[in-house]
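**Q** Protein chains in written order, with the numbering used here: chain A, 1 to 282; chain B, 283 to 899.
Read the hints as simulated data drawn from the structure, not as lab findings.
Idealized CB from N, CA, C, for every residue including glycine.
Be careful, since some hints might not be right.
[To be verified] Per label pair, the in silico range of CB-to-CB distance: (1) B:G789 to A:F8: 18 to 26 Å; (2) B:P370 to A:R159: 48 to 56 Å; (3) B:G789 to A:T206: 32 to 40 Å.
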Amino acid sequence: MDRILSYFDMLPWFPENTSTFGGELDSLFAIIYWISVGIFFLTFGIMGFFLVKYRYKRDRRGYNYHGNNIVELTWTVLPTILFAWIGLYSDDIWERTKYSSRLPKADVQVLVMGKTFGWQFLYPGADGEFGRNAYTDRDNCRKLITGLNPFGIDSTDPRSMDDFTTENQFKVPVNANVVMHGSSQDVLHSFFLPHARVKQDVVPGTWMNIWYNIFKTGKFELACAELCGGGHYSMRAEYEVLSKSSYDAWVDKKVAEAIAARSPQPTVAPSADTATVASLTK
Amino acid sequence: MSTATIETATPVAHEDHGHEHHHDLPWYRKYVFSTDHKVIAKQFMLSSLFFLFIGGAFALFIRWQLAYPGKPVPVIGSILPATWVTEPGSGIITPEFYTQLLTMHGSIMIFFVIIPFAAGMFGNFCIPLMIGTDDMALPRLNMWSFWLVPPAGLIMMAGFFTDTGYAAAGWTSYPPLSAMTGLEKFTISGQTLWLISVFLVGFSSIMGAVNYVTTVLNKRAKGMKLFDMPLTVWALFITAILVTLGTPVLAAGLAMLFMDNFLHTSFFLPDNLVTSSKYFGGGQPILFQHVFWFYSHPAVYIMILPLMGIVSDVMATFSRKPIYGYKAMVFAIAGIAFLGFVVWGHHMFQSGMNPLLGTTFMLSTIVIAVPSSIKVFNWLGTLWRGNIKFSTAMLNALAFVSMFIIGGLSGVFMASAPVDIYIHDTYFIVAHIHYVLFGGSLFGIFAGIYYWYPKMYGKMLNERWGKLHFVLTFITFNLTFFPMHVLGLGGHMRRIYDPNVYDFLKGLSDVNEVITIGAIGLGFAQLVLVFNVLWSLKYGKRAPRNPWRANSLEWAAPEHPGHGNFDKDITVYRGPYEFSAEGRKSDYWPQWEPGSSKTVNHHTIAVEEETRSFGSH
């Protein structure tokens with residue numbers, strides 16, 4: 001029986017799941033899938049049987065029968081129960097994965113900004129806190145957004161000093177709740193992590209919550225899933241899921257680079273610069 | 283039940299009417315700018331067939347690129363201009379042209395093939411004949427509803443001759459992509475032409491729909507109650523109500539988007555976008571999606587409900603049985619139509635709409651599975667204890683039911699919002715829409731063409747060619763679209779130019795190749811249909827008045843009815859599905875034939891002495 005069923009099993013086509021809720025989504029898919037396979041064989045079986053049994057014969061006559069309300073009621077109520085159950089069961093998972101009120105406490109926060117055709121990421125750096133930018137201070141900083149400053153970072157805010165950006169690649173720690181806030185600087189894009197079963201359109205002018213918790217280290221791909229122009233297909237990024245220690249090391253390195261790049265020439269206020277670095281390495 | 287037909291003044295008027303049109307009208311009023319609903323139906327059929335091939339050609343370009351990315355398009359590639367169309371000197375289509383192709387494929391197939399076929403052709407042909415009247419209530423409006431379509435089609439296709447080519451934002455035309463073309467104010471671009479074109483088609487739909495509603499309510503033959511109407515008429519009637527309620531909303535959305543494009547307003551454009559164009563900002567991109575899907579979800583039912591009606595009639599006729607649960611079928615159509623207006627948000631689960639709305643739209647969407655399954659079970663019930671004749675029309679109707687089951691079941695996956703997270707905007711959706719709109723609508727359209735062609739042209743379509751067309755289409759259809767489910771599960775996004783960019787899609791290139799081979803076969807199989815339609819026009823067998831021995835009123839009309847339709851006055855005595863009634867020798871009982879019956883336990887039994895009385899003819 002298992003062998004026979006395996007011929008109809010489409011689930012192995014999924015890419016390997018890597019996120020905590022991905023397993024739930026996959027098993028919900030599997031539930032609906034096997035129900036569908038059942039309904040498929042039921043209806044096609046009945047249809048095939050009728051087509052053969054009641055095929056045209058010269059001496060046969062159709063059966064003048066207009067239908068029966070009890071039968072109608074049965075095949076109204078049964079699907080209603082089945083589909084209502086699917087709906088309610090799905091809703092539970094939906095609420096846990098997408099509702100803003102159910103957003104888990106973030107271990108890592110990242111801002112993501114789509115553009116034609118690429119992805120940019122902003123990390124809060126070592127203090128775990130963003131400076132003023134288009135996300136934290138939407139009203140004042142949105143007008144700072146340009147091609148060179150996609151997040152509208154206000155560089156006068158000292159908390160911005162250690163915020164660092166990456167382009168078309170990002171790294172997250174394993175087994176951590178990663179909360180991303182996504183937006184776009186031009187047209188609609190969609191943040192799609194196939195392996196982590198994450199998909200969320202990012203819309204210019206507003207910030208979308210995206211979260212996931214990946215339990216497997218390795219390199220994976222991010223794709224854009226919403227048509228955004230000719231280069232839509234090439235709007236690809238890579239991400240790496242690292243162990244906690246390698247992730248911390250990477251953050252430290254990026255923070256140092258960011259501060260070095262942002263800090264004024266050594267002649268101007270060297271003390272402030274070194275003070276910031278010292279506080280960060282603790 | 284009354285058996286006598288009372289002479290009324292109208293039939294006389296009909297004859298005068300028909301007479302006048304046959305002799306006094308110049309040829310261009312008879313064949314081109316005709317107000318005869320049957321001529322308009324034929325015009326819709328021919329224009330839709332024409333656009334079917336255009337849209338299909340676009341699809342084959344897309345398929346070629348996906349199966350053989352970066353390889354020049356065979357034969358045609360060399361003659362395409364080397365601007366934004368192909369890479370210079372290579373015949374390889376560019377990513378920009380690819381997005382234009384997919385936009386035009388979707389737009390043409392939906393707005394110029396399926397809607398005109400389903401609502402335009404069958405609505406025009408079937409409604410007056412099946413309710414036993416001479417023409418539409420508003421014939422001139424009807425003529426206009428067709429004559430907006432060819433100019434609209436030309437306007438959309440004219441995008442090719444603008445500097446940037448066709449519209450390229452998908453058939454859904456989501457802003458800001460569709461609004462930020464980076465062009466100066468008052469520039470005609472493919473996108474603005476697209477908007478004008480769809481606006482015109484919407485106008486055409488509204489004019490047709492107003493006409494259908496008026497005609498069904500006011501012009502039914504004597505004695506015909508609403509519940510004596512065939513399901514085809516019911517479905518077209520309810521579809522027409524959908525069109526009148528939904529299309530104006532789309533028109534509003536299109537008008538706003540047009541202004542964003544042409545006048546640089548900002549209905550859908552937020553402030554501070556990184557773009558070369560100057561905008562005021564302050565708009566909301568998701569608003570367009572709401573407005574668009576408020577029409578375009580009902581539009582999905584506009585594209586399938588008429589075919590559900592047609593398939594019901596075809597199945598009853600060729601099973602020689604009453605449709606199982608006629609009233610349940612009517613209520614199911616009405617239920618689907620009503621629910622169609624409260625489910626649009628299921629296209630937007632991942633769009634950034636509040637997830638709370640996702641919950642409500644998910645629940646309302648899943649409820650649609652209930653009337654849909656009622657219909658499927660009733661179709662199966664119609665086959666039960668029938669005497670099933672596998673004519674080409676019946677084969678296509680059965681294909682409709684079976685493909686609709688698959689398309690309906692795959693719809694449950696994306697109705698479930700959490701499952702949709704992964705499959706949204708992947709080929710799983712593409713597979714679903716094609717199972718519903720090709721496997722469903724187009725097989726239904728084929729069934730309708732084979733069924734009514736005799737009444738349209740007075741000739742029978744060739745059954746042998748018809749069956750060949752059916753078998754080829756059915757096999758290549760499934761070869762093309764079933765593997766798309768697999769692509770979708772593998773994560774293959776829609777609308778991407780080259781899947782090989784992604785490592786996780788590398789294993790799917792064989793699947794893409796199989797699909798393309800299937801699609802090419804599917805395209806060529808349609809030539810058989812066109813050949814059959816044209817060949818039978820000249821060499822087809824002469825059609826008798828009622829070739830399928832069916833019950834509904836169109837078969838009371840002459841073999842090849844002229845303007846005015848009927849050569850005798852019609853009185854309706856019973857519902858359209860009295861097949862194989864007890865107490866009758868023949869296994870059908872036309873609606874127009876006098877005679878009385880009684881109903882015992884859901885069976886119709888002819889009352890002996892009255893069946894022997896002479897009919898009105």
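**Q** Has the hinted range 18 to 26 Å been met by the Cβ atoms of G789 of chain B and F8 of chain A?
**A** 20 Å, holds
**Q** Starting from the hint 32 to 40 Å, judge whether the C-beta atoms of G789 of chain B and T206 of chain A obey it.
**A** Roughly 36 Å apart at Cβ, these two residues keep to the hinted range, so it holds.
**Q** Take a look at whether the Cβ-Cβ distance between P370 of chain B and R159 of chain A falls inside 48 to 56 Å.
**A** 50 Å, holds
In the structure shown, no violation is registered for any of the earlier numbered hints.
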